[in-house]
Amino acid sequence: MSASSPGPQQGTGRIVAQAPSATRWRLRIEADRLKAILVVSPSLLAIGIVVYAFMVWTGYISLSKWHDVRPNYAFDGLENYVQLFQTQRFLIDLHNTAVFLVLFLASCLVFGFILAVLLDQKIKGEVIFRTIFLLPFAVSLIATGVAWRWLESPESGLNLLFQFAGLNFLKSNWFADPNIGIAAVVLPATWQMSGYVMALYLAGLRSIPAELHEAAAIDGANSVQRYRFIVVPLLWPVTITALIILGNVSLKIFDLTTAMTGSGPAFIDDVPAFFMFQTTFQSDHFAQGAAIAIVMLLLSSILIVPYIISQQRQEAGQ
Amino acid sequence: MIRLNSRLSRRALVLQVGILVPTVLVAACSGSSGGSAAPTSSSSTTSNAAAPTAASATSSPAAAPTAAAAATTAPAAQASTGSAAATGQLEIFSWWTGSDGVALAALYKLYNQQYPNVKIVNAALGGGTGPGGNMKAVLKTRILGGDPPDSFQVHLGAELIDTWVTTNYMEPLDDLFKQEGYADVFPKRLIDIASWHGHPWSVPFNAQRVNIMFYNKSVLAKNGIKPPATFADFFQACKTLKEAGVIPLALGDNPPGASGRVLESVLIGALGPDDYDGLWTGKTPFSDGKVTDALNYFKELLSYVNSDYLSIGSTQPDTMVAKGQAAMLQFTGDWTDGTFKGMKFTDWGAVPPPNNANIWDLSCDSFGLPKKAKHRQNAINWLILGGSKKGQDTFDSLKGAISPRSDSDPNAGYDAFQKQEMVDFHKFTIVPAVVDGAAISESWTTDFVNDANIFATKKDVASAQKLLAQACVSANVCK
Chain A
75 MSASSPGPQQ GTGRIVAQAP SATRWRLRIE ADRLKAILVV SPSLLAIGIV VYAFMVWTGY
135 ISLSKWHDVR PNYAFDGLEN YVQLFQTQRF LIDLHNTAVF LVLFLASCLV FGFILAVLLD
195 QKIKGEVIFR TIFLLPFAVS LIATGVAWRW LESPESGLNL LFQFAGLNFL KSNWFADPNI
255 GIAAVVLPAT WQMSGYVMAL YLAGLRSIPA ELHEAAAIDG ANSVQRYRFI VVPLLWPVTI
315 TALIILGNVS LKIFDLTTAM TGSGPAFIDD VPAFFMFQTT FQSDHFAQGA AIAIVMLLLS
375 SILIVPYIIS QQRQEAGQ
Chain B
391 MIRLNSRLSR RALVLQVGIL VPTVLVAACS GSSGGSAAPT SSSSTTSNAA APTAASATSS
451 PAAAPTAAAA ATTAPAAQAS TGSAAATGQL EIFSWWTGSD GVALAALYKL YNQQYPNVKI
511 VNAALGGGTG PGGNMKAVLK TRILGGDPPD SFQVHLGAEL IDTWVTTNYM EPLDDLFKQE
571 GYADVFPKRL IDIASWHGHP WSVPFNAQRV NIMFYNKSVL AKNGIKPPAT FADFFQACKT
631 LKEAGVIPLA LGDNPPGASG RVLESVLIGA LGPDDYDGLW TGKTPFSDGK VTDALNYFKE
691 LLSYVNSDYL SIGSTQPDTM VAKGQAAMLQ FTGDWTDGTF KGMKFTDWGA VPPPNNANIW
751 DLSCDSFGLP KKAKHRQNAI NWLILGGSKK GQDTFDSLKG AISPRSDSDP NAGYDAFQKQ
811 EMVDFHKFTI VPAVVDGAAI SESWTTDFVN DANIFATKKD VASAQKLLAQ ACVSANVCK
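Those sequence lines, one after another, are chains A and B. Our numbering applies: residue 75 is where the first sequence begins, and numbers increase by one. Our numbering applies: residue 391 is where the second sequence begins, and numbers increase by one.
Bear in mind the hints are in silico, worked out from the structure with no lab data behind them. What you are looking at is a predicted structure, and each value in this text was computed from that prediction instead of being measured. No false leads were slipped in.
SDA-like, lysine to any residue: derived pairs with alpha carbons at most 20 Å apart:
#1 B:LYS848 with A:THR161
#2 B:LYS713 with A:SER230
#3 B:LYS680 with B:LYS856
Label-pair ranges, simulated between beta-carbon atoms:
#4 B:GLY516 with A:GLY231: 22 to 30 Å
#5 A:THR205 with B:LYS612: 53 to 61 Å
#6 B:LYS509 with A:SER375: 45 to 53 Å
#7 A:HIS287 with B:GLY703: 48 to 56 Å
#8 B:ALA852 with A:ALA172: 28 to 36 Å
#9 B:ASN613 with A:ALA180: 46 to 54 Å
#10 A:THR205 with B:LYS734: 41 to 49 Å
#11 B:SER697 with A:ASN146: 43 to 51 Å
#12 A:ALA180 with B:LYS734: 47 to 55 Å
#13 A:ILE383 with B:GLY732: 53 to 61 Å
Residues of chain A clear of chain B, computed beta-carbon distances all greater than 12 Å:
#14 HIS169
#15 VAL191
#16 ARG204
#17 SER214
#18 GLN237
#19 ALA239
#20 ASN242
#21 ALA257
#22 TRP265
#23 ASP293
#24 ALA295
#25 ARG300
#26 TYR301
Yeah, the Cβ is synthetic: ideal placement off N, Cα and C, and Gly gets one too.
Full structure from sequences and hints, please.
Spelled out as structure tokens, the structure:
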């Protein structure tokens, strides 16, 4: 299983069979290793500088006194963070992010799973349906935002549809309604991403062998039980993957909310990324903007790091 | 079962790695946008650093990254002579696209008539939050990265000064102003707004008025209403219109912006020009009772606007007025003249917002001279053209603004509305605009606009007054 990981102590069969002298063997390994290092180093360097170095740099800026366009690297301790967590807008943003995260994850997973199960029923024209459901994923979030801004406009779009259908009680101000707020942005986000979750689940469903279903059927399990006790547990890794990806999407969502409503009335649709953009590029509080970025990064890490660790453990265990 | 598990997890693993790696990268990238643009202080091109008078005044040279670039000396006077000799490029950065772009192109044409050997690079970038939102963000990375365009559009006054002048990225334009005799043709108040520490920093290419209330003539006439001049008249008119089933005032504040302009006009109306001016210099405290009055007026006004004002954009109200669904338009700028022209809607009138008579809330599009401009001389020629009578009359009549020059020619293609404005401009009291960049820094403007939006949403006078006062403190103007 893990034969792919190259290491000095893990000789290939050929070397073991015809063992040369110890020094030549070592040289050979070192040459291999050098080659490997040479091959990966450009991308390591690029990622190291473009991603990690700037992460560290942003981290430092967030501790500085850079408050106009002119860089000021004087150390200011955690002052920017202290101020940030006293800023009403940022607290609203965190609340909005949490709401978005929960609703978006739940709706995408549920819709994605249902779509995948339906498509897995060996229906006619599956390819067409699959494409239809997956296509929104290819649309730019900006385009989605602009379109849904109109769909959720009080005088047109969905409200008009409800009016024609005689469902006036369903009409609302959507993203401008304080009782709905950012949940109105979850709607287009789900529209866009549930097809993608469907694709993930579909791949997972297809990898479950028919014998298992058959065996369960023989044991007298009905279809609900088969999904409950066989499919759902076996799809758990896919679910985790979807959670991680969608979780990241929701933590750094920017384009969709910006195109739809900006920060919304009194920040009801505001998200940290938009706050960071305004703080950095409109208000020139670069240090404060960096602090917001770092908080976003930490939130993402909370989601990703345990996952990476568990993945590594799993690999080591195999 | 085991076999299955391993198969499944291998599949899942491939999926996960394939998807997770780019995701992590994107997440990381979005976190690292803050600090990439440290300016390099190596400006080897300028040898003779005979710092002009202004640089000595700007007090904070140590941290200033481009102190050495202060003076490439070549006085503007020498330049304007050899017009045919001018070569190279001229990169002009602006947020003028669409119909404004047509006016800009006309000005480019005029420039190339004078300087046929200069290649103009039009770096216009529209869109974004607030006026020039996207363009300003890109401009920042360009200038901080040490690669400024030769000249860039900016609102004259605090928007330029607080961002780029106090931080020492611009050249003072004293010589140019003297040479071109601007003091004789521009109102003194205009030059005051353009100046900091006694030096002017940008050349106004136009003058716009942002305290105007447009209205649909027939809708008002049908309801027997004369265009109101005072708050009392205005609210009386609103009441009549509302009872008649017409939306009295059209407003669209998503994303936030339009209600900031309304609040601005209401503040002018409630405080008068002097106290309004004082708000932005720290002389008038935001705790002033007249600010409370203004917010109360604004609150009452909000009871007469369309119900979806928190959902719709700032240009939809134009259509509502043009279609007669609404009687009066949110207090806004004179560019609406051009908007209505584009809609072929002619049945409109315009008056100042309540209690705003004889006051001109001024916003000017202007251009300045960034240090390290690669084609400095070409940029100076650009400023000279944009400040000239011919340049302004060509540009402004097309753009739907007016020329702030006292000698501008009303018959150079201006329409009737613009002609009236040209008369008014030189008679009225000028105050600097807030949302449109003349009075306060960009960061304060952002706060002001957001505060106005919060008020438009929650209608809480006391907390709005507190927020406005806080914004003044954050801007280091109030204590």
